[in-house]
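There are 2 protein chains.
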Amino acid sequence: MGFLIDSCLIRALFSLYILSIILASSAAKTRHLKWEVEYMHWSPDGLEGVVMGINGQFPGPTIRARAGDTLHIELTNKLHTEGVVIHWHGIRQIGTPWADGTASISQCAINPGETFVYRFKVDRAGTYFYHGHYGMQRSAGLYGSLIVDVAEGEKEPFHYDGEFNILLSDWWHKGSHEQEVDLSSNPMRWIGEPQTLLINGRGQFNCSLAARFSSSSARECRLRGNEQYAPQILRVQPNKTYRLRIASTTALASLNLAIGKHKLVVVEADGNYLQPFSVDNMDIYSGESYSALFTTDQDPSNNYWLSINVRGREPKTPPGLTILNYSPTSASKLPNSPPPVSPRWDNYGSSKAFSNKILALTSTPKPPTTSHRRILLLNTQNFIDGRTKWAINNVSLVLPPTPYLGSMRFGLSNAFDQKRPPDNFKHDYDVMRPAANQNTTSGSGVYVLKFNTTIDVILQNANALKANVSEIHPWHLHGHDFWILGYGEGKFTENDVSKFNLKNPPYRNTAVIFPFGWTALRFVADNPGVWAFHCHIEPHLHMGMGVVFAEGVRRVKRIPNEALACGLTGKLLMNNVHK
Amino acid sequence: MGFLIDSCLIRALFSLYILSIILASSAAKTRHLKWEVEYMHWSPDGLEGVVMGINGQFPGPTIRARAGDTLHIELTNKLHTEGVVIHWHGIRQIGTPWADGTASISQCAINPGETFVYRFKVDRAGTYFYHGHYGMQRSAGLYGSLIVDVAEGEKEPFHYDGEFNILLSDWWHKGSHEQEVDLSSNPMRWIGEPQTLLINGRGQFNCSLAARFSSSSARECRLRGNEQYAPQILRVQPNKTYRLRIASTTALASLNLAIGKHKLVVVEADGNYLQPFSVDNMDIYSGESYSALFTTDQDPSNNYWLSINVRGREPKTPPGLTILNYSPTSASKLPNSPPPVSPRWDNYGSSKAFSNKILALTSTPKPPTTSHRRILLLNTQNFIDGRTKWAINNVSLVLPPTPYLGSMRFGLSNAFDQKRPPDNFKHDYDVMRPAANQNTTSGSGVYVLKFNTTIDVILQNANALKANVSEIHPWHLHGHDFWILGYGEGKFTENDVSKFNLKNPPYRNTAVIFPFGWTALRFVADNPGVWAFHCHIEPHLHMGMGVVFAEGVRRVKRIPNEALACGLTGKLLMNNVHK
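Sequences listed follow chains D and A, in order.
Going by this note's numbering, 51 is the number at position 10 of the first sequence; the sequence numbering is gapless.
Going by this note's numbering, 337 is the number at position 296 of the second sequence; the sequence numbering is gapless.
Hints are computed from structural coordinates only; laboratory data are not their basis.
One should not assume that every hint holds.
In silico EDC-like cross-links for lysine to aspartate or glutamate, where the CA-CA straight-line distance does not exceed 16 Å [said to hold, decoys possible]:
{"no.": "1", "chain 1": "A", "residue 1": "K393", "chain 2": "A", "residue 2": "D321"}
{"no.": "2", "chain 1": "A", "residue 1": "K302", "chain 2": "A", "residue 2": "D338"}
{"no.": "3", "chain 1": "D", "residue 1": "K215", "chain 2": "A", "residue 2": "D321"}
{"no.": "4", "chain 1": "A", "residue 1": "K119", "chain 2": "D", "residue 2": "E603"}
{"no.": "5", "chain 1": "A", "residue 1": "K302", "chain 2": "A", "residue 2": "E268"}
{"no.": "6", "chain 1": "A", "residue 1": "K467", "chain 2": "A", "residue 2": "D426"}
{"no.": "7", "chain 1": "A", "residue 1": "K215", "chain 2": "D", "residue 2": "E89"}
{"no.": "8", "chain 1": "A", "residue 1": "K162", "chain 2": "A", "residue 2": "D190"}
{"no.": "9", "chain 1": "D", "residue 1": "K281", "chain 2": "D", "residue 2": "D202"}
{"no.": "10", "chain 1": "A", "residue 1": "K491", "chain 2": "A", "residue 2": "D567"}
{"no.": "11", "chain 1": "D", "residue 1": "K304", "chain 2": "D", "residue 2": "D338"}
{"no.": "12", "chain 1": "D", "residue 1": "K612", "chain 2": "A", "residue 2": "E603"}
{"no.": "13", "chain 1": "A", "residue 1": "K119", "chain 2": "D", "residue 2": "E219"}
{"no.": "14", "chain 1": "A", "residue 1": "K612", "chain 2": "D", "residue 2": "E603"}
{"no.": "15", "chain 1": "A", "residue 1": "K119", "chain 2": "A", "residue 2": "E89"}
{"no.": "16", "chain 1": "D", "residue 1": "K304", "chain 2": "D", "residue 2": "D321"}
{"no.": "17", "chain 1": "A", "residue 1": "K70", "chain 2": "A", "residue 2": "D190"}
{"no.": "18", "chain 1": "D", "residue 1": "K491", "chain 2": "D", "residue 2": "D567"}
{"no.": "19", "chain 1": "D", "residue 1": "K393", "chain 2": "D", "residue 2": "D321"}
{"no.": "20", "chain 1": "D", "residue 1": "K215", "chain 2": "A", "residue 2": "E219"}
{"no.": "21", "chain 1": "D", "residue 1": "K281", "chain 2": "D", "residue 2": "D338"}
{"no.": "22", "chain 1": "A", "residue 1": "K215", "chain 2": "A", "residue 2": "D190"}
{"no.": "23", "chain 1": "D", "residue 1": "K467", "chain 2": "D", "residue 2": "E535"}
{"no.": "24", "chain 1": "A", "residue 1": "K215", "chain 2": "D", "residue 2": "E219"}
{"no.": "25", "chain 1": "D", "residue 1": "K119", "chain 2": "A", "residue 2": "D223"}
{"no.": "26", "chain 1": "D", "residue 1": "K119", "chain 2": "A", "residue 2": "E219"}
{"no.": "27", "chain 1": "A", "residue 1": "K162", "chain 2": "A", "residue 2": "E115"}
The whole structure should be built from the sequences, with the hints applied where relevant.
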């Protein structure tokens, strides 16, 4: 009798299990994509150049999925001599660290002619993007949008009637290969400010949409609308609410976005909901994404500018522009007033005020109240053998040819510097002045984090090589979100800990450090894998501005062979074979 | 007693064996080189661009060895995202087919940060060179000279008092990456004629060494002599004989070389001695090398021009120039007459006459009198989906991601097209007119040659896409020399066989086909491996102008893992491992 009851229970539980699988599979999908990456002629700003495109498109195709879906992307490298990888920026890759798309870290670069399958779950709704993460292939144009809608039956915590996708980038007329040589040369040749700001891969260099409002000599654009560099018009109905999904994959530029005469209500950052707040314009740094709502409450017989401007560096680049077109007004009717003016580039007060408005919605996970380890990371600009570099605690990151994920998983001690990089910097370092000794050294060591511990990272900015210069750096963490516990001026001290926001800190994957300031982050090292943490300014990363975190690597199972088929891991696996 | 005698004999033989090893090792050396390949700023013609350099040099270091030496070259890839290989042009790689340096054919490309050891014997004295053989890295400047002297105690069959090394190339201001995109685009954008001809990596674009003799508006060069683009002066003593070692690694240009008022006695081609013949100027096609002697029998109070000019294509490129400087005349004294004039670019009669003068010295190996197989290869220009291609017997070569040497050795039938490409073309094909159907298809099939058989190849030229156009193509064979049995006009017929030169045909690795003509080659398939045979014009190879030969692949032993660590061979070897 006991047996019969147990058997019934098991049968019932099994039926429930099957039902749950059916329900889950009816909601969550596996989305199959076949992509080919290749160089192609393109005219992002009216001047023809070469971009890295996907399936003949620039920017690459927009991915649209639902939370819980699995993406299965077969990526074929159609370049002639270059490897390629794609990073899915903001997707935490829980359980799939080999799909993070970082060459030298999570996988071997995909060789020309070969195909790699990125298969991973998009576990959370939000506004994301993807981009190349090898050399400076992001600068070459390898990027696109990744939008994850809420799971079927679920709801966003705000209402909107329509949405627009706005992917921001910056564009140089000098190719990314030559930029790499410039940045690596002795003396370093800086790439300078971008020629053009792009909105969804479109900008204007030799003409201006707003020439009539400008004192510059730029001529008015004469566009038919089907040019590769013609702006994508945002067509709206009056008295509706729209969601702007904004992501910045700029190589360098920090940006400010505004829509003439319209307020923006910011509701999401990096895939996490925010306490909504209203602004006239918003900052967005490379690596960040936002959603902002706006209501079409203005005179519908006019059109309005959406503009982006450079922040934090003296701008030499005209604003990026497109038009908000009220129905039934003609899209070709230009707005009757100049594009909205962003705060002055060096008005850091405005930027800090914006950053401080960003607070998590109550449903957001809360940070642990204490941490197990604090890592202070000093950001300095230095020289190595006369070449300009960026260093973190006096180590300028050089990535090894064998990806860390494989070499750490297999315990290959000759694959990278086994010395752990420092958790701190000299107590008496004066962050307000150029370093006494401006030379540094390169390294490939890893910060090994104890699995499931809570880590605090204090990003400490400093004076660069030149006196009175300190730059903005947006730092991006792979594999995790972190809580931004606070920003401060000057050097971080123990007293600052008491001011940490543990109540509603924003939960994000990218955080900026302001000139001469610090930013405090907290995260839980709960995602087995090896993860890049770096300045999202691509030339800065090229110059060594990053670190590598690793946690729970022994828990990583079944790394696909394709991710290991290079360098010492390739050798290791092949050496076991008798030919 | 029988035992004792045998024992003595064995001891004696053993002593002789040891002695021979000692003698051999005292003569033949292993030469160790460590090379790093990287992009660098350079000014090959007075305009700064980016070149692919080796150890900070452009062209790469000159290798100097003796016949019988082993070269051990540790090549490290310091590029950021590109693979690299180096082909040792003219070295047959007997027993070391994996060291031939052809990506997709003999080895996996060396990934960024990784090192590959090229170890091979240079078994024969001669004038050779090396260059990149991946994408268009040769066009990017990855090349240098490889000079093999006769073994110690041996003598050349001619006398000379000194020698000069002359490596010829052509240079474009548009980078090779962009050239690749241009060539692959729809419609194809042709790269056009080079901006500058380089002698040992040096040419002049914005000025002319011989401006005073020119009707063009070029200004006279004002050089200190230490500029990267200043010519290397050839300093000579009067009444001596000098050897010019000339090799052409041009991407495109066929060249003609002359020294004002000096005869050239041609004595070597592609590492084989010739019946010496005297000329006023000599043709040299991409992939060829020559030695020519000249005697300094002119007025020593003057200097003389060495000039190179374009052949076979309407030249838009000024001559490449340097100066023969007689001691004790000042090197800065310009020659008192204009640079020597080459035959008109389309004077093919002159080129054919030169080619027909090239005959083997009697000591050269003789061709077998008959062959086992004849392969006719029709060279046509075609379209695939609107893109311009070159095809051989209607197949435009596309190289597979997994190198043939490994995939054939391990019998991987899914690594490339298993269908063998055709040995012939349609009997009624009219080589004098554009094809009726200009479309073709791509393929990666292999010509499998029975080991140790004699193969005849008839390279058949034809009309290109445009009526009345047929181009010069210098075809280069890897892993072998071939005998050039003859050249002919129009379509090859059975009657032409009787005119084959079996007595003293030149023995070479590169042979040209003239417009609307054919060239007959014979070689013995006696070198186990997989070997490229292709037009040495790099953009033509990029557009599919090549075939692949394989012979005795099962005899190939111990391919280094590094040559196999990619694609399906990498996968095969890794799949055998349990992780």
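Outcome of the hint check:
Taken as a hint, the K393/A and D321/A pair is honoured in the structure, with Cα atoms around 15 Å apart against an allowance of 16 Å. Restraint check for K302/A and D338/A: satisfied, since their Cα atoms lie roughly 9 Å apart, inside the 16 Å limit. A C-alpha spacing of about 45 Å is found between K215/D and D321/A, which places the hinted pair above 16 Å, so the restraint is violated. Straight-line distance between C-alpha atoms of K119/A and E603/D comes to about 23 Å, which puts the hinted pair past the 16 Å bound.
Taken as a hint, the K302/A and E268/A pair is broken in the structure, with Cα atoms around 28 Å apart against an allowance of 16 Å. For the proposed pair K467/A and D426/A, the alpha carbon gap of about 22 Å is over 16 Å, so the pair is violated. For the hint linking K215/A to E89/D, the alpha-carbon distance of about 14 Å falls within 16 Å, and the restraint holds. Between the alpha carbons of K162/A and D190/A the distance comes to roughly 13 Å, so the proposed pair stays at or under 16 Å and holds.
At most 16 Å may separate the alpha-carbon atoms for a hinted pair to count; K281/D and D202/D meet this at roughly 6 Å. This hinted pair checks out: K491/A and D567/A have alpha carbons roughly 9 Å apart, not beyond 16 Å. For a cut-off of 16 Å, the pair hint linking K304/D to D338/D stands: about 10 Å separates their Cα positions. Under the criterion of a C-alpha separation no larger than 16 Å, the hint pairing K612/D with E603/A is consistent with the structure, at around 7 Å.
The hinted pair formed by K119/A and E219/D meets the criterion: a straight-line CA distance of about 15 Å does not exceed 16 Å. The straight-line distance between the Cα atoms of K612/A and E603/D is roughly 7 Å, inside the 16 Å bound, and the hint therefore holds. Taking the CA atoms of K119/A and E89/A, the gap is about 21 Å. The hint is violated against a cut of 16 Å. Note on K304/D and D321/D: the hinted pairing holds, with a Cα-Cα distance of about 5 Å set against a maximum of 16 Å.
Between K70/A and D190/A, the direct Cα distance comes to roughly 12 Å. Compliance with the 16 Å bound is thereby established for this hinted pair. Between K491/D and D567/D the CA atoms are separated by roughly 9 Å; this keeps the pair inside 16 Å, and the hint holds. For the given pair, K393/D sits about 15 Å from D321/D by alpha-carbon distance, which is consistent with the 16 Å threshold. For the given pair, K215/D sits about 12 Å from E219/A by alpha-carbon distance, which is consistent with the 16 Å threshold.
Among the hinted pairs, K281/D with D338/D is consistent with the structure: their alpha-carbon atoms are about 8 Å apart, no more than 16 Å. For a cut-off of 16 Å, the pair hint linking K215/A to D190/A is broken: about 37 Å separates their Cα positions. Between K467/D and E535/D the alpha-carbon distance is near 15 Å, which keeps this suggested pair within the 16 Å criterion. Note on K215/A and E219/D: the hinted pairing holds, with a Cα-Cα distance of about 12 Å set against a maximum of 16 Å.
At roughly 15 Å between alpha-carbon atoms, K119/D and D223/A fall within 16 Å of each other, so this suggested pair holds. A distance of roughly 15 Å separates the Cα atoms of K119/D and E219/A; the hinted pair therefore holds under the 16 Å criterion. Between K162/A and E115/A the alpha-carbon distance is near 15 Å, which keeps this suggested pair within the 16 Å criterion.
When each numbered hint is compared with the structure, violations occur for hints 3, 4, 5, 6, 15, 22.
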